[in-house]
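Asker: Going by our numbering, the first residue of the sequence shown is number 46, and it counts up by one from there.
Misleading hints may appear alongside valid ones.
[As the list claims (entries may be wrong)] Quick list of simulated restraints, FRET-style, between CB atoms: (1) R126 / H157: 36 to 46 angstroms; (2) K53 / N233: 24 to 34 angstroms; (3) E149 / G52: 34 to 44 angstroms.
The set of hints was computed from the structure by calculation and includes no laboratory data.
We put the CB at the ideal spot given by N, CA and C, even for glycine.
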Amino acid sequence: MSITGYGKQIHRETVAARAPWSRVLRAGEVLVIVDVDGNQAVDFLAYDAHDRAAYSVPATLQGQGSVFLTTGSVLRDAEHRPLLTVLDTDVDRHDTLGGACSKESNTLRYGHHTRGQHACAENFLAELSLHGMGKRDQVSNVNWFMNVPVDPDGALGIVDGISSPGLSVTLRAERDTLVVVSNCPQINNPCNGFDPSRAEMIVFDGAVTA
């Protein structure tokens, strides 16, 4: 994969299957999220790094008039202030509705035998704690690369992903923004092809070069 035009690379890290990750992006910095092995859902939260205003699904969807995120989409907080802009994406759309898996939702959807399985909610809580935040700060999330089609009658379904190895989504921070990732550990539905895999986080300084 060749990435150009986003300035100097300042950080690069591979997030293991099922693992969390977080970083404060300074205004103007660019984050590229790579689906390394293909068909991996990457759950994602965003907060203003100073006042902790969180990404808002309703404000984001209202602002763009679509339930999917794609190139040009702006992730907004509840006051409609921009947090991040999708500069580019190698897949047609990303999910805003499917939410994060948890022990409780796994039990409800897939049976009590799944309750002991690690889930995104636990990843988010562990990573948020590193920034002095907790369960009350966890909001509805974006699912990069996850395929959640909406039927004409409004029904949702989590189906096979539309990503493949090496595809990416590129985000620019519009202000200092804390981003929190759960590289989804779900094994009960097709969002990860029933086999969670790696994701890569690449951060650029966003400087425009002549």
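Asker: State for each hint whether it applies.
Answerer: Quick rundown of the hints versus the structure:
1. At about 42 angstroms, the beta-carbon gap between R126 and H157 stays in the expected band of 36 to 46 angstroms.
2. Taking the beta carbon of each, K53 and N233 are about 41 angstroms apart, not inside 24 to 34 angstroms as hinted.
3. Between E149 and G52 the CB atoms are about 42 angstroms apart, so this pair conforms to the stated range of 34 to 44 angstroms.
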